[in-house]
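For reference, the chains in residue letters:
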Amino acid sequence: MKGKMFLAILLSLLLAVVGLVGCSSEDVSNNVADEGLQESSGIDREQYLNLVLEAEPTTLDPSKGSDMYSNRVLNNVLEPLTRLEEDENQSNYLAAAGAESWEHNEDGTVWTFKIRPNKWSDGVPVRAQDYEYGIKRSVAQETASPYAYLLEPIKNASKVNSGELSIDELGVRSLDDETLEITLEAPTPYFLALTYQRVMMPQREDVVALHGDSYGTQIDKIVYNGPFVLGTWVHNSELILNKNHNYWDAETVSLDNVNLKIIQDENAVYNSLSNGSIDIAIANNPDWRQRFINNDKLNHFEVVRPSTFFMFFNTRDDVFQNVNIRKAFSIGLDREEMANVIFHGVNTPAYGWVAPSITIGDDEYRSLVPGPVKRIAEENDPKELLIKGLQELGRSTDPADLTIKVTLGSTDQWFRNYGEYIQQMYNRNLGVNVEIEQVEWPVFSQMASRGEVQIGYMGWGAEFNDPASLMSLMTSTSTAIETGWSDERYDELIALAASEMDPAKRLEYFREAEEILLYEASVLVPTVHPRINIFRYKYVNDIGVTPLGTSGYKYGYTQGR
Amino acid sequence: MGRYILKRVGLMLLTLWIIITLTFLLMHSIPGDPLANMARKLPEQIQQNYYQRYGLDKPVVVQYGIFMKNLITKGDLGESLVYPGRSVTETISKNSKVSGRLGIQALAMGVTIGITLGIIAALNRNRWPDFLVMFIAILGVSIPLFIIAALLQYFFTAKLELLPTTGWGKFKHTILPSIAMCFGSIATYARYMRSNVLEIVNQDYILTAKAKGVSEFNIIRKHIFRNAILPALTILGPQIAGIFTGAFVIERIFGIPGLGFYYINSINDRDYTMIIGTTVFFASLFIISQLVVDILYGVVDPRIRVSKNSR
Amino acid sequence: METAFRPVAVENKEKEVIARESVSYWKDAWRRLKTNKVAIVAIFILATIVIMTIIGPSISGHDYKEINSSMINQRPSVEHWFGTDALGRDIFSRVWQGGRISMIIGLTGALIATVVGSIYGSIAAYFGGRVDTIMMRIVEILISLPYLILVILISIILDSRSIGTMLLALTLAGWCGIARLVRGQMLQLKQQEFIMAAEALGVKPWKIIVKHLIPNCLGIIIVAISFDVPGYIFAEAFLSYIGLGIQPPGTSWGALASAAQQTFIFHPYQLFFPALMIGLTMLSFTLLGDGLRDALDPKLRQ
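Residue numbers (full-length UniProt numbering), protein chains in the order written: chain A, 1 to 561; chain B, 1 to 311; chain C, 1 to 302.
Keep in mind the hints are simulated off the structure, nothing from the lab. A few of these clues could be false.
What the hints assert, rightly or not - 27 Å max Cα-Cα, derived DSS-like pairs, lysine-lysine: (1) B/Lys170 to A/Lys221; (2) B/Lys94 to A/Lys221; (3) A/Lys383 to C/Lys65; (4) B/Lys7 to C/Lys207; (5) A/Lys538 to B/Lys159; (6) B/Lys97 to B/Lys170; (7) A/Lys221 to B/Lys74; (8) B/Lys170 to A/Lys243; (9) A/Lys159 to B/Lys97; (10) B/Lys159 to A/Lys297; (11) C/Lys204 to C/Lys190; (12) C/Lys27 to C/Lys211; (13) A/Lys221 to A/Lys119; (14) C/Lys207 to C/Lys27; (15) B/Lys74 to B/Lys58; (16) A/Lys405 to C/Lys65; (17) B/Lys170 to B/Lys94.
Extracted from the complex, chain A is given alone in its bound form (with noise of 0.2 Å):
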């Protein structure tokens, strides 16, 4: 992964919510049955995994935290109410886990989970008053916890945060000891799918009260209820899980171990691969890769992210208040060069806001609407519109007086060759001088909200399987990118969309908001919308590749290791 800006995206995408899915519930449940160990004649007698974590966890408490990488962890030692599984085509549906089965109310507000027979590793039956402790602790103000925005929906969650009304007044009860109720604010679609994040995992309150601060940080400072409990965990080095044999469905688990090994440095994990002292990993690196693709004991998977590489302009800039120089500045780059000079062919050009994979109704919104960007481009010549510009705010016509800043948020290598690139990209294509600052993802962040930024250059994943998810960043009242821009119609249309139950008045919506952001206004430079590729060796099998699944290790096995 490179650097902060992709860790970034992946965690964006661990939040991520696939809404149709989320809707469709009860009848899931049945899946789960058919998975499972049906070719147990076949597989090794000793089963483990050796994986590789990019970086130490930050905490095994549910409630703080919120790196990937606890999260990956503790999807796999803690029962979340439900997971979000993966069939054989690499799509996601939910499934029941900690919860047995679920129903609501008319209106949707009030949701009642039947929690599932289960024990803790330590042999206590697992109830319903340890879900509602969980979420309640994630939610207290005292926790601070980063995630607990994410349990707005519910109700009262947000005074109790900050502290306004006390714990007791949030909506969320258990009625007996396998029952429990969440009342929400109003009817949220993507309810469902907040019920296997981090913040909603089951805790022990005498637990949690044993260890105070250091709860969640070490293996004997936690107690699991999930398919695995943590056998050691030497902090920055690695990771072993252990078969739950408490666990309820300890039967559907053939894994006895995994080894998650943490390492940083990108050539070691290459290398750990190349060796076999690995079994699974991501390799973007076009030459690894293709060393791997023509490995023939491994796998490889190429797998769609839903989500957009950008660059944004500061539209309060002097230069970039101008919209015909910010569309010079969009079509000044050659997308399909880029995508395989930069990506090496693995991403796809971007020429829309919303990215491939989406769906709108049953059908993919991309293919439905083609990016906007390339009739920019069909229409000018960059340099034309660039000199247009320049006229407009009464400033010299020579390109070559302009000077502009592209800053970036990391200070890794792959960012310094993007920078290079784009430097000459625009030097050629718009005989600009362009500067290319590199700096601290948190430096970027803080300059970008001061109006710092002239082009910043960023990847933002999309929530939730809808094109709102990513377009709904761009209203007057969002601060996620600091563009300065605003348009009311835009923001009307964005709230139509979001009341409207029709899916081809929705596509209507977005597609003229898109149009707007960025055809008329032209106010961010999608690039490419990125794919990971994923390479696992043949013998391991039922290990989940979507970057939304929480199955973990659960249905794991090898065969012919």
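Since the structure of chain A is provided, determine the placement of chains B and C on it from the hints.
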């Protein structure tokens, strides 16, 4: 001597205090904090709760006061801002053991090889073994560590599959990192030993011994080695402090859970308390090892003691 | 009257003439350095590298920044002597352009550190007493701070990653070593008669430092510079590796090497050339430093 040591310890504490204060203030003047480091902008309320939880909402002076109070009364450097619930003091003590073990192993290897090579070179002055040895010693430090480490890792783990690529815990994990790390001390010691031995071989007592027919081996063992090794050991002090700081690159490439690895990460993550804690640890280590070396010098060489007191 | 011996006719004024041409300290040192073949080879290599960093980027006919998407990762050839990198840029031009930056950082860094360090060290040594104690305490504090922190702090506070910033960051604590060295040497010199004589004649302190003390330390200072230059080149490479190196499109040997390190098994030549240059430079400076030390060391004077 006692007064001298007391005075030096006093000065050491003063230096440490200045370093702590400087780091603390500098750290808080850098833009960005652990929350700003997160990918997405968190809602205002969430940020407030977080600042409150870690006391970051208080004025810097107050934070400084609390920090110093905890440090002096409890030896407590605070809680990590990125790894909730982990005490900085504990993290340092755990990770420094790893760095320490690796560093000492690499240093022991480097010193032994370096001293041997240095003696060989000196005894063959201006002949081919001398040139060869010195060339190898210098070559080892002429190529950046990240290249040496990457090459070693590729050939021994991916190509020959002899050793584990990354990891920590067993002896085999320490072999490649130690080799990569010991080049520095080999070069230092080989060069230092060579010039020491060269000085000694021309001394009268060596000539006397030779004249009396002492065998060459005994001359090397009894006279040259003993007299050359003592000054060589005095440069160990700063090298020991370097053990902990020198391993950033190695720990990253070989995935070793040492302090250097943690340090770079905590800088990237803006984990204030970790950064301050680690800086203070490195600085004290350095200062203490200097003090020890100075005192040892005083014990070994009376002339230095006198001149120090006269200052 | 015949005698076996007869006085040669010597004119009175010739009696005071020194028969052999006087050999100054520097001449003597140069004479001895010339006999050291290793040092001469090192000087020759360094001179070649320096000349190439000046003319190298413009002789291959490819600009070091020029991206060519049809020539990605090409092996060395007649067209591209050192091959091309991941963006199709000419490595030959890039190596010398990078060398320019690395050399500038190395030489200027060492020079700044030496000048600052020498002046600082001499002042401390000359005045002694409390001044000395306070000044040396400051040095101690500066070198106890891990230098990574200093570099990061400075590049963030100054909000840039230009050569100037990097030099400032690297030298901020880098002069301390030389300051200590010079101070030690000065303390010895201070006791000597010619300084006392100068003091007795009422020469001002700064004049004593500049005219008498520093020239007498030049030997060790020059040796220190030649050992320091590779240190700065190395430090720059390290910073590039952890992502704090020079800002694009600028490049350096360290930046080139760390970029190539990830894929060296596929494109070894991309790593080889910058690594070779770093290695040669380091080796040459170290060997030259050794030669200079031998040549300038009065104890070894015949």
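Status of each hint after checking the structure:
1. Using a Cα cut-off of 27 Å, the hinted pair B/Lys170 and A/Lys221 holds, with the two alpha carbons roughly 26 Å apart.
2. Distance restraint check for B/Lys94 and A/Lys221: the Cα-Cα separation of roughly 17 Å lies within the 27 Å cut-off, and the hinted pair is therefore satisfied.
3. In summary, the hint linking A/Lys383 to C/Lys65 is supported, as the alpha carbons are separated by about 22 Å, within the 27 Å threshold.
4. Restraint check: the Cα-Cα separation between B/Lys7 and C/Lys207 comes to about 34 Å, which exceeds 27 Å; the hinted pair is violated.
5. Pair hint A/Lys538 plus B/Lys159 holds up; C-alpha atoms about 21 Å apart against a cutoff of 27 Å.
6. Of the supplied pair hints, the one linking B/Lys97 and B/Lys170 holds, its CA atoms being roughly 14 Å apart against a limit of 27 Å.
7. For the given pair, A/Lys221 sits about 23 Å from B/Lys74 by alpha-carbon distance, which is consistent with the 27 Å threshold.
8. Using a Cα cut-off of 27 Å, the hinted pair B/Lys170 and A/Lys243 holds, with the two alpha carbons roughly 24 Å apart.
9. Taking the CA atoms of A/Lys159 and B/Lys97, the gap is near 46 Å; set against the 27 Å cutoff, the hint is violated.
10. As the CA atoms of B/Lys159 and A/Lys297 are separated by approximately 17 Å, the hinted pair is consistent with the 27 Å bound.
11. In summary, the hint linking C/Lys204 to C/Lys190 is supported, as the alpha carbons are separated by about 14 Å, within the 27 Å threshold.
12. At most 27 Å may separate the alpha-carbon atoms for a hinted pair to count; C/Lys27 and C/Lys211 meet this at roughly 19 Å.
13. Restraint check for A/Lys221 and A/Lys119: the C-alpha separation of about 17 Å stays at or below 27 Å, so the hint holds.
14. Restraint check: the Cα-Cα separation between C/Lys207 and C/Lys27 comes to about 25 Å, which is no more than 27 Å; the hinted pair holds.
15. For the suggested pair B/Lys74 and B/Lys58, the alpha carbons sit about 21 Å apart, so the restraint of at most 27 Å is met.
16. For the proposed pair A/Lys405 and C/Lys65, the alpha carbon gap of about 17 Å is at most 27 Å, so the pair holds.
17. Straight-line distance between C-alpha atoms of B/Lys170 and B/Lys94 comes to about 16 Å, which keeps the hinted pair within the 27 Å bound.
In summary, the structure is inconsistent with hints 4, 9 from the numbered list given earlier, while agreeing with the others.
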